[in-house]
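There are 2 protein chains.
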Amino acid sequence: MSEHEKSSNVVWHNATVTRERRETQNGHRGGLFWFTGLSGAGKSTLAHSVEEALYQKGFRTFVLDGDNVRHGLCADLSFSDEDRKENIRRIGHMSMLYVEAGIIVLTAFISPFRADRDNVRKIGGSDFHEIYCRCSLETCEDRDVKGLYKRARAGEIPDFTGISSPYEEPEYADLTIDTESRLENCTSEVFEYISASTKNGG
Amino acid sequence: MSEHEKSSNVVWHNATVTRERRETQNGHRGGLFWFTGLSGAGKSTLAHSVEEALYQKGFRTFVLDGDNVRHGLCADLSFSDEDRKENIRRIGHMSMLYVEAGIIVLTAFISPFRADRDNVRKIGGSDFHEIYCRCSLETCEDRDVKGLYKRARAGEIPDFTGISSPYEEPEYADLTIDTESRLENCTSEVFEYISASTKNGG
Numbered sequence: 000m001s002e003h004e005k006s007s008n009v010v011w012h013n014a015t016v017t018r019e020r021r022e023t024q025n026g027h028r029g030g031l032f033w034f035t036g037l038s039g040a041g042k043s044t045l046a047h048s049v050e051e052a053l054y055q056k057g058f059r060t061f062v063l064d065g066d067n068v069r070h071g072l073c074a075d076l077s078f079s080d081e082d083r084k085e086n087i088r089r090i091g092h093m094s095m096l097y098v099e100a101g102i103i104v105l106t107a108f109i110s111p112f113r114a115d116r117d118n119v120r121k122i123g124g125s126d127f128h129e130i131y132c133r134c135s136l137e138t139c140e141d142r143d144v145k146g147l148y149k150r151a152r153a154g155e156i157p158d159f160t161g162i163s164s165p166y167e168e169p170e171y172a173d174l175t176i177d178t179e180s181r182l183e184n185c186t187s188e189v190f191e192y193i194s195a196s197t198k199n200g201g
Numbered sequence: 000m001s002e003h004e005k006s007s008n009v010v011w012h013n014a015t016v017t018r019e020r021r022e023t024q025n026g027h028r029g030g031l032f033w034f035t036g037l038s039g040a041g042k043s044t045l046a047h048s049v050e051e052a053l054y055q056k057g058f059r060t061f062v063l064d065g066d067n068v069r070h071g072l073c074a075d076l077s078f079s080d081e082d083r084k085e086n087i088r089r090i091g092h093m094s095m096l097y098v099e100a101g102i103i104v105l106t107a108f109i110s111p112f113r114a115d116r117d118n119v120r121k122i123g124g125s126d127f128h129e130i131y132c133r134c135s136l137e138t139c140e141d142r143d144v145k146g147l148y149k150r151a152r153a154g155e156i157p158d159f160t161g162i163s164s165p166y167e168e169p170e171y172a173d174l175t176i177d178t179e180s181r182l183e184n185c186t187s188e189v190f191e192y193i194s195a196s197t198k199n200g201g
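Here the protein sequences come in this chain order: A and B.
Numbering that gives the first Met the number 0 numbers the first residue of the first sequence as 0 and each following residue consecutively.
Numbering that gives the first Met the number 0 numbers the first residue of the second sequence as 0 and each following residue consecutively.
Isolated chain A (complex conformation) (with noise of 0.2 Å):
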């Protein structure tokens, strides 16, 4: 028997820092909060915009988006069909770590397809929470920020939610926020839904 072996009051192998001792330490619980919505809806924006009102109220959160998945953990999948689908399975279970780690997970992903949606609110269950940002095509388009909808248009892109690939709308989504109204009125939307869901022992 090793020296190591022998130290073993210990639980082995197993985490002892569980989900709820950090609640416990954040003063919060933690969710997974699915921003889903037509490119140039605003999903970023708002995730970030809601994400500074929580800090600001010592909430532990992380944003996932396109801009810190899709150059690293999901650098390999394209935008078709099939990788949209690994790329949100990916997602999912990703968030779902930093829920065991405590934390408030807001994601921004366009998320079009409605089945996809459905599997991560499988593996979050009652942690998960979609919120959908409506916006019409014409706003959206209208607002262009990036220049996509017009390269889409141009048939420079293929598979562009919207314009060459549907977005399918949720259908009971936990919440749906007029992302074409006022950022200041959708985040305290956004704001008081979470901290509401997400009140230790709530």
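Hints were generated in silico from the structure; no laboratory data involved.
Nothing false has been slipped in among the hints.
When chains are identical, the list treats them as one kind, so a pair holds in a single copy or across two.
Straight-line Cα separation of at most 20 Å, DMTMM-like style, residue types lysine to aspartate or glutamate; simulated pairs:
#1 Lys198 with Glu19
#2 Lys56 with Glu22
#3 Lys84 with Asp158
#4 Lys121 with Asp75
#5 Lys145 with Asp158
#6 Lys121 with Glu167
#7 Lys145 with Asp66
#8 Lys198 with Asp126
#9 Lys198 with Glu99
#10 Lys84 with Glu168
Let chain A serve as the given structure and place chain B on it in line with the hints.
Frame of chain A; chain B shown alone:
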């Protein structure tokens, strides 16, 4: 111009809650502490034991290991050389997102190939710390907590590190721990290293 666009002295799309602000909130820096070594070397046990010590001092941590990654994010991967490589790539990228969130990540994976670990070092830069859990094959096989070595010797498990697949020892580990010695001693060695490496302003 829509209402949404009018409310725009905000920084569009951009994260305002930076890594630095999170680290201030947490009272320590984030970092990636990568435990590598044979199956049975005690990587997960040590990582969880160190996490408990860190938690008690108020550190924000998370352990990634086979238990929480192989069934979810990497459930599509086998133990072939190619899939091990992809497994480590994904874990490396995911870990760095935790570091961005200001968290101390402890990863416990055999990660037998030097090139794969070096790739994570490239992703992580100075945030990456390689911790070699050094333990002889004899001791690991002697412990055989999950009975895997016995099955590997019987030829029931292909590509088993140390038996039918190589383990490439780190050449320049940031820290080498003799995991044949008492867990308490290993734990405090790693704890000291991590708390020194994650001092704010350090």
